[in-house]
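*Asks:* So the chains spell out like this:
2 protein chains.
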Amino acid sequence: MLNRLKSAVIGAVSGLEATNGATDGVQYNKATLAPKFPYGRPHFLGLGDDEVQMSADHKLRPIIHPSKPLPYNTGYAECVNAGKSRWNEDQAVYRQGVLSKLTQTDVGNIQKFSIPYTYYGIFDGHAGVGAALCAANQLHHIIHEKLVDAQDDIWIHFTEKHLPTTKHRDLLIIGALESAFREMDQLLLEDRNKYQAAGGCTAIVSLLILGKLYVANAGDSRGIICRGEKFVPMSMDFTPENERDRIRRLAQEQPALLGKEFTCKEYLSQPRAGDLGKTVMFRDAYMKGWAYKTLQPEDLKVSVITGHGKRSRVMGTIGVTRGFGDHDLIAVYQKLPIKPFLSSHPEVQVHSLLPTENNEVLVMATDGLWDVMDGAKAAEIIAKSLTAFEDKKFVSAATCLVGYARGSLNNSWQLKGGKPASCDDISVFVIPLLPYKLEYEELLQKCSSTDFKDSCIEVSHVEENGEVEEEVSEC
Amino acid sequence: MLNRLKSAVIGAVSGLEATNGATDGVQYNKATLAPKFPYGRPHFLGLGDDEVQMSADHKLRPIIHPSKPLPYNTGYAECVNAGKSRWNEDQAVYRQGVLSKLTQTDVGNIQKFSIPYTYYGIFDGHAGVGAALCAANQLHHIIHEKLVDAQDDIWIHFTEKHLPTTKHRDLLIIGALESAFREMDQLLLEDRNKYQAAGGCTAIVSLLILGKLYVANAGDSRGIICRGEKFVPMSMDFTPENERDRIRRLAQEQPALLGKEFTCKEYLSQPRAGDLGKTVMFRDAYMKGWAYKTLQPEDLKVSVITGHGKRSRVMGTIGVTRGFGDHDLIAVYQKLPIKPFLSSHPEVQVHSLLPTENNEVLVMATDGLWDVMDGAKAAEIIAKSLTAFEDKKFVSAATCLVGYARGSLNNSWQLKGGKPASCDDISVFVIPLLPYKLEYEELLQKCSSTDFKDSCIEVSHVEENGEVEEEVSEC
Numbered sequence: 003m004l005n006r007l008k009s010a011v012i013g014a015v016s017g018l019e020a021t022n023g024a025t026d027g028v029q030y031n032k033a034t035l036a037p038k039f040p041y042g043r044p045h046f047l048g049l050g051d052d053e054v055q056m057s058a059d060h061k062l063r064p065i066i067h068p069s070k071p072l073p074y075n076t077g078y079a080e081c082v083n084a085g086k087s088r089w090n091e092d093q094a095v096y097r098q099g100v101l102s103k104l105t106q107t108d109v110g111n112i113q114k115f116s117i118p119y120t121y122y123g124i125f126d127g128h129a130g131v132g133a134a135l136c137a138a139n140q141l142h143h144i145i146h147e148k149l150v151d152a153q154d155d156i157w158i159h160f161t162e163k164h165l166p167t168t169k170h171r172d173l174l175i176i177g178a179l180e181s182a183f184r185e186m187d188q189l190l191l192e193d194r195n196k197y198q199a200a201g202g203c204t205a206i207v208s209l210l211i212l213g214k215l216y217v218a219n220a221g222d223s224r225g226i227i228c229r230g231e232k233f234v235p236m237s238m239d240f241t242p243e244n245e246r247d248r249i250r251r252l253a254q255e256q257p258a259l260l261g262k263e264f265t266c267k268e269y270l271s272q273p274r275a276g277d278l279g280k281t282v283m284f285r286d287a288y289m290k291g292w293a294y295k296t297l298q299p300e301d302l303k304v305s306v307i308t309g310h311g312k313r314s315r316v317m318g319t320i321g322v323t324r325g326f327g328d329h330d331l332i333a334v335y336q337k338l339p340i341k342p343f344l345s346s347h348p349e350v351q352v353h354s355l356l357p358t359e360n361n362e363v364l365v366m367a368t369d370g371l372w373d374v375m376d377g378a379k380a381a382e383i384i385a386k387s388l389t390a391f392e393d394k395k396f397v398s399a400a401t402c403l404v405g406y407a408r409g410s411l412n413n414s415w416q417l418k419g420g421k422p423a424s425c426d427d428i429s430v431f432v433i434p435l436l437p438y439k440l441e442y443e444e445l446l447q448k449c450s451s452t453d454f455k456d457s458c459i460e461v462s463h464v465e466e467n468g469e470v471e472e473e474v475s476e477c
Numbered sequence: 003m004l005n006r007l008k009s010a011v012i013g014a015v016s017g018l019e020a021t022n023g024a025t026d027g028v029q030y031n032k033a034t035l036a037p038k039f040p041y042g043r044p045h046f047l048g049l050g051d052d053e054v055q056m057s058a059d060h061k062l063r064p065i066i067h068p069s070k071p072l073p074y075n076t077g078y079a080e081c082v083n084a085g086k087s088r089w090n091e092d093q094a095v096y097r098q099g100v101l102s103k104l105t106q107t108d109v110g111n112i113q114k115f116s117i118p119y120t121y122y123g124i125f126d127g128h129a130g131v132g133a134a135l136c137a138a139n140q141l142h143h144i145i146h147e148k149l150v151d152a153q154d155d156i157w158i159h160f161t162e163k164h165l166p167t168t169k170h171r172d173l174l175i176i177g178a179l180e181s182a183f184r185e186m187d188q189l190l191l192e193d194r195n196k197y198q199a200a201g202g203c204t205a206i207v208s209l210l211i212l213g214k215l216y217v218a219n220a221g222d223s224r225g226i227i228c229r230g231e232k233f234v235p236m237s238m239d240f241t242p243e244n245e246r247d248r249i250r251r252l253a254q255e256q257p258a259l260l261g262k263e264f265t266c267k268e269y270l271s272q273p274r275a276g277d278l279g280k281t282v283m284f285r286d287a288y289m290k291g292w293a294y295k296t297l298q299p300e301d302l303k304v305s306v307i308t309g310h311g312k313r314s315r316v317m318g319t320i321g322v323t324r325g326f327g328d329h330d331l332i333a334v335y336q337k338l339p340i341k342p343f344l345s346s347h348p349e350v351q352v353h354s355l356l357p358t359e360n361n362e363v364l365v366m367a368t369d370g371l372w373d374v375m376d377g378a379k380a381a382e383i384i385a386k387s388l389t390a391f392e393d394k395k396f397v398s399a400a401t402c403l404v405g406y407a408r409g410s411l412n413n414s415w416q417l418k419g420g421k422p423a424s425c426d427d428i429s430v431f432v433i434p435l436l437p438y439k440l441e442y443e444e445l446l447q448k449c450s451s452t453d454f455k456d457s458c459i460e461v462s463h464v465e466e467n468g469e470v471e472e473e474v475s476e477c
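Protein sequences, first through last, are from chains A and B.
Letter 397 of the first sequence, counting from 1, is numbered 399 in my numbering, and no numbers are missing.
Letter 135 of the second sequence, counting from 1, is numbered 137 in my numbering, and no numbers are missing.
Source of the hints: derived by calculation from the structure; they are not laboratory data.
Each hint should be verified, as a subset may be incorrect.
All copies of an identical chain are treated as equivalent in the list; a pair is satisfied when it fits inside any one copy or across any two copies.
Stated by the list, open to error - Keeping only pairs whose Cα atoms sit at most 20 Å apart, straight-line, the calculated SDA-like set for lysine to any residue is:
(1) LYS290 x ILE144
(2) LYS70 x GLY85
(3) LYS421 x MET375
(4) LYS169 x MET283
(5) LYS341 x GLN256
(6) LYS295 x ILE158
(7) LYS290 x HIS347
(8) LYS290 x ASP247
Based on the provided sequences and hints, a complete structural model is requested.
*Replies:* Structure below.
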């Protein structure tokens, strides 16, 4: 998000004090507030303070991988940007949790039955590291709570085989992810006057549960499934260009959001004062085709979406349209809040796990990777890497991806052929999918030999870096 | 739209005087205003006054077809409803127009070059016959104007073969249809205090021009292409159920539209006062999945969309979400305007004409037909009919479709097997597509032998039941 967020950073910084009327009547001096979470790299990297400093060396851009194996030897690698910000604004996290039931057998014994899940998340911060740190520290707790809320219904759909189980179960897990994303964003809103300005971040999250993969995405990080040299996208990029329809419709329905400077209309070429009275081609927010109108003074306003591709912007300010935070972000010159156009709502894609070989993986990475390679290139690198390495092969594959995208430093950071490399933060998970299918098959077998009773006690917990938090409730 | 609009009719009638504050400060007595267009059947049926009366015989429900052949022997048939309203609230229209250029040859002769087009429209009225009559009498003029606006650019894309012609041309024609639909709806808004209450109508329109078929649809009439016993949908039905997302998002963004009675949230089962404090499953406007919340008093409101399938409603009132008019329609009990949730914006589908046989047809019909048959059944009836009849085969096919759907009167109107037949108005076009492909091939041939000059004079006209209106302008 390097180039695209330069102006967002300016916007956020210049706008903070101006727009931030404290909601409870007290004026906070944001400069003196502490951050909610101290800066650091993902816990699973096991870096000491010195190593955290070293990891942000913009000249070296060292590629960091985990000190201990991740679940099923999942691969991870990251490197810092080439100088756009002091710290690495990406964050990554994984957690393993269970949804459990204690069931009573016919002879009165208590038997514990657990549905395991694994969660991976990547958050790409902008205008600061705060929002990404909050998401990396808090989102999995919220998702776990939402899954516990849905646990009874997930159980019913799991154990009562006559129901159209998977479709309903999908809607419960999708709903848990959707409502968790909303709550995470609300939390950042509530925290905005209590902690140091957090900026914003994109979010991509994958949940592996009950033989399926759920990828929830809000932003321009990307998830793809690689199978040999083929790949299947598991997310779409939420940029102003891709979200043109949603944003222009919102602008048309709530014109006050546009102030006096912006319009929801689009013109084939930017109208100029000299063309007043002439016929121009335009389209309204809902239109797919082009129509004609006589150029009026109000047509000289700026379109709410400008630019194309990687250079597209909302109100000339931000190049990504979904994620968490940005509650204080304003359009630089016009002093209009951007947030109503940004959404924390994720798109959730579902994939049934049917891999037969251990080379089928989910690649989840920030745009630092995708700025310099497409899915086909990533699949090619992964396929080569998984064949070449036997030991720690998923970590090696992640390292190969980050290494390729970062390139090497000559006068500037360059790819192998000499083209510009990625100067953004780069974070990559390479997650093997076969183990989660096997885990599910084992669960199904255990389930078929268990006698579920109506009377039960629920226990659910999430592993927090080795420490287990447990909730018990009677049902 | 029989069952679905009963309450809409009540709503419109009960609400007219209540909500209709005249915009210019003058109070109109709507009861004394004249209709904009007198009631009648489509001109091309050639019915006299007595025949118009007879065509509305609810006991006989005669199937009417055109007195003279339509372009390329296009088929049409209609019959009135079984008593839900005095008159047939469907309207149908066709027009043939041209976009013309007068070009100057090298030797100074003026040469005329024309792009022909054919237009078919079906409008299904509710809460009166007014809106459908206005659309049948006016929409083709507006579309012609919009095509003339786009004519220069259509010409450029047609004559300069090196341009990526068809994609751009499509966007111009789609834009013409989209903006014409908007203007038609605006016209009904402007007319609401000048003429008798017009109610509302759905609209499906097809435009055959330059070797392509454009189907613009706003409502629950339907267009399908039939090829042998196979069919391809050329439109989607805009019902509250299908438009759930758009309507609930609009409601979430503009909660004032919901008054105190409605909510944009959806609940798995309707919350009851006795369940306050309990956990319920819900989804917010943007959600695809289900989540959980504790039932609060505000959750006892009614969802803005209720019911499923043919029984789905916006604010308990109307069962169709796109079309023209309805500017005075209000929710019966809550006195809230419905119009902000209804849209005149059409979806436009494009189809390249490549038929090789004369049995490939576009079937366009009101929901009176589709209430009792699906696309597969229609294709089956068409295929049999086109094989059985040699003379007037498209009119025969249209008649077979209407006859099947109307059924016969025993105690009630019944299909052949005894199931209930359609009691709604039924109108059907069966349009052969091969002639339009041949027409285009001829045009291409003529075009390749013509020398186009920059200097030209434009002439465009539309045939109005035999009378030709002509516009001439220098360019």
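*Asks:* Now tell me if each hint is right for this structure.
*Replies:* Hint check:
1. Taking CA atoms no more than 20 Å apart as the test, LYS290 paired with ILE144 passes between copies only; the shortest distance there is 18 Å, against 39 Å inside one copy.
2. Taking CA atoms no more than 20 Å apart as the test, LYS70 paired with GLY85 passes in neither setting, with 29 Å inside one copy and 77 Å between copies.
3. Only within a single protomer do LYS421 and MET375 lie at most 20 Å apart by alpha-carbon distance; the minimum there is 12 Å, versus 60 Å between protomers.
4. In this homomeric assembly, LYS169 and MET283 come within 20 Å of each other (Cα to Cα) only across copies, at 16 Å, whereas the closest approach inside a single copy is 45 Å.
5. With identical chains, the CA atoms of LYS341 and GLN256 are at most 20 Å apart both within one copy (13 Å) and between copies (16 Å).
6. For the homomeric pair LYS295 and ILE158, the shortest alpha-carbon distance between copies (19 Å) is at most 20 Å, but the shortest distance inside one copy (58 Å) is not.
7. In the homo-oligomer, the alpha carbons of LYS290 and HIS347 lie at most 20 Å apart only across protomers (10 Å), although the nearest pairing inside one protomer, at 24 Å, exceeds that limit.
8. Taking the shortest Cα distances, LYS290 and ASP247 sit within 20 Å of each other both inside one copy (9 Å) and across copies (19 Å).
When held up to the earlier numbered hints, the structure conflicts with hint 2 and nothing else.
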